[in-house]
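A.B. asks: Chains as they are written, first to last, in the numbering used here: chain A, 1 to 439; chain B, 1001 to 1257.
Rather than coming from a laboratory, the hints here were simulated on the basis of the structure.
Among the hints, a few may not be true.
[Claimed, not checked] Below, a list of computed lysine-lysine pairs in the DSSO-like style, where the Cα atoms sit at most 30 Å apart:
1. B:1153 / A:349
2. A:349 / A:366
3. A:360 / A:144
4. B:1127 / B:1017
5. A:282 / A:172
6. B:1138 / A:349
7. A:360 / B:1052
8. A:282 / A:345
9. B:1197 / B:1127
These are the residues of each chain, in order.
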Amino acid sequence: MSTATQTRNSVDEFAAQFEQLEKNETFARSWFHPVRKAALARFVESGFPTLKDEEWRFTNIKSVTSTDWAAAADDAKSIGKDSLAAYCIGEVAATLVFVDGRFSAELSSTNKLSNGVKVARLADAMESDAKKLEPYLGQVLAEKDNAFALLNTALVQDGVYIFVPKNAALAKPIHVVYASTCNDRPTASHPRTLIVAEENAQANIVESFVGIDSGSSLTNSVTEIVTGAGANIFHHKIVQESAEAYHFGTIGAWLDRDSRCTSTNVCFDGKLTRNNVEAYLKGEGGCCTFNGLSMLRDEQLVDNHLRIEHIAPHCESWQYFKGIYDGASHGVFAGRIYVHDDAQKTDAKQTNQSLLLSDKAQIDSKPQLEIFADDVKCTHGATIGQIDEEAVFYLRARGLSDTAARNLLVHAFANETLNEITVEPLHERLEAIVLERLP
Amino acid sequence: MALLEIRNLHAQVEGNKILRGIDLTVNAGEVHSIMGPNGSGKSTLAQVLAGKDSYEITEGEVLYNGKDLLDMEPDERAREGVFLAFQYPVEIPGVSTNYFLKAAVNAKRKHNGQEELDAVDFLELVKEKAALVELDSKLLNRAVNEDFSGGEKKRNEIFQMSVLDPTLAILDETDSGLDIDALKTVAHGVNSLRGPKRGMIVVTHYQRLLDYIVPDFVHVLLDGRIAKSGGKELALELEAKGYAWVHESPETAAAAS
Ligand SMILES: Nc1ncnc2c1ncn2[C@@H]1O[C@H](COP(=O)(O)OP(=O)(O)O)[C@@H](O)[C@H]1O
Ligand SMILES: [Mg+2]
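Only chain A is shown next, with the shape it has when bound in the complex (with noise of 0.2 Å):
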């Protein structure tokens, strides 16, 4: 079968690649190199997926597998500051920035941390951290079944690593942008994001994906977060890669004892993006919240795939998943609560709405929910509707003309997501394109 020998094909050139890698003494040296081996040995038995996988049946990734994606330039192509300045977030602790999954020493800066807080290049940790890297990096996905993720294990060159030891708060975010270019020949990043905060810690991270010129990329990153007791951390990932780019990234998330995770994602622009998301809450009281906003047209594709494990009792989880869909756009959600059967108490909600703008748009939803507790409150609702005419009609009878009361509605939708991004300038700026995109 044609797809097959494709797939092969792309798989084959992911693993030539590793090889290559294998002959630098550092990287073969690594204690890093067996865990990437073993993924990279799992990758190339599984291959990528295809709709007939359970997981991926509505998004198709065909022109993804069938590309032979080129492994970018050893250093970062030059792309200068002001192609990165529409997607600034106001003041930040640290700004790290990386073009095609290289580190760009010009356009990053860090200002002196406090508190023991660490921000490094995932490249430079991996060396001078390794002991505490160990634990986690590579550890918090059970990546068994999610090959992009496991080829991140594979080939990742670089990244972010934070550290907020015990009791350490971060006042201002940091900012991590991973940049796409047009190159001659399409290229891959596999970039990877590590944050470990520590007992009673708190930090703010913002993951900016952003397309910088038109071109064929593919961007497959890795995100862990591990909050340790009591920690608090905000995440933020926005997608705004370029109309040709592909996305696949996959946020995992180790949550300990009475600690706290709430990560907002919002995904303008790309050809393709899968978001896929495992949450695991491991101690009593945890509490994860997942958002996520998608606004679309033409031919985009969106696609979150959440799995929220409830293992200890008395945890909560939130996933609120909000889509507004014009032209022949397509989103997809899978949300998957599993509680185990010691999590008692647990008390999870997942909501997917979706606003259609164009009769071309389309959507699937999909809740699931594996339940193996007999004490929880497990809670799932899909909405998939046009603009309320009621709504509608109450704000004409006001005053407002009918575009100005339909633009309202779509943007008080969207805002309601917008809204838990708890980065001032950061909202103002999504917000700005929201209303910039409302006809």
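With chain A's structure known, arrange chain B with the ligands on it following the hints.
C.D. replies: Relative to chain A, chain B with the ligands alone:
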């Protein structure tokens, strides 16, 4: 020229005839009350006047200040001074009353060739009008009508009415679900808007509201027609005798024939 002139108005939904020939004239300065049992078509009349497009107008015409009202878009009617206080105000998640009301006020001002209000002037106006109906101004920064009590929703309607300062105000069962204190407050808000330039149509099911908003005329709507009209004493008579009495009275027979 009358402020509002409804002539032989017929309206239906999917072949189901709801309004069957309404005639009503409202002059500036007058308050008309429309009473009638549930299902008689009161809300339909109110919604048709506001421009709801789910009703099909099969016959008749409506002139507002001499202009063809039925030919105007709902928002145009609003900007021309028509206001409907909804029987069931809609909840709008994510939109605060203040936010959309500022847009509404300025749409109207622009339409009238007036300068738009800035944030400071608008807030001043809002504060004054919220106090008039004793509406907690915190509510105004919350999503419109979401998690509002029944009374708060109705006060919010009257509040919006006083901010928008309409020429023709239509109140659809603004009294339902209000306790007596809330009713008095709402009535006070409405009465403060009475004036020589304004016309009002107060739709109600119960006579109670009319103790506080005393109408100039009372009309009884039965099966989509005005079956009886009179002065304010008609409301009391209805209260005493019930709607069945209108059915039986000779005048009704004449009107229906
Ligand atoms: N949108 C609609 N679709 C179908 N039937 C309607 C609609 N609106 C009103 N009706 C019907 O018209 C009649 C009058 O309703 P309404 O105007 O709400 O009465 P009232 O306000 O006097 O109680 C009722 O029988 C009602 O069921
Ligand atoms: Mg009614």
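A.B. asks: A separate judgement is required for each hint: does it hold in the structure or not?
C.D. replies: Results for each hint:
no. : hint            : result
1   : B:1153 / A:349  : holds (29 Å)
2   : A:349 / A:366   : holds (14 Å)
3   : A:360 / A:144   : violated (36 Å)
4   : B:1127 / B:1017 : violated (43 Å)
5   : A:282 / A:172   : holds (28 Å)
6   : B:1138 / A:349  : holds (29 Å)
7   : A:360 / B:1052  : holds (27 Å)
8   : A:282 / A:345   : holds (14 Å)
9   : B:1197 / B:1127 : holds (24 Å)
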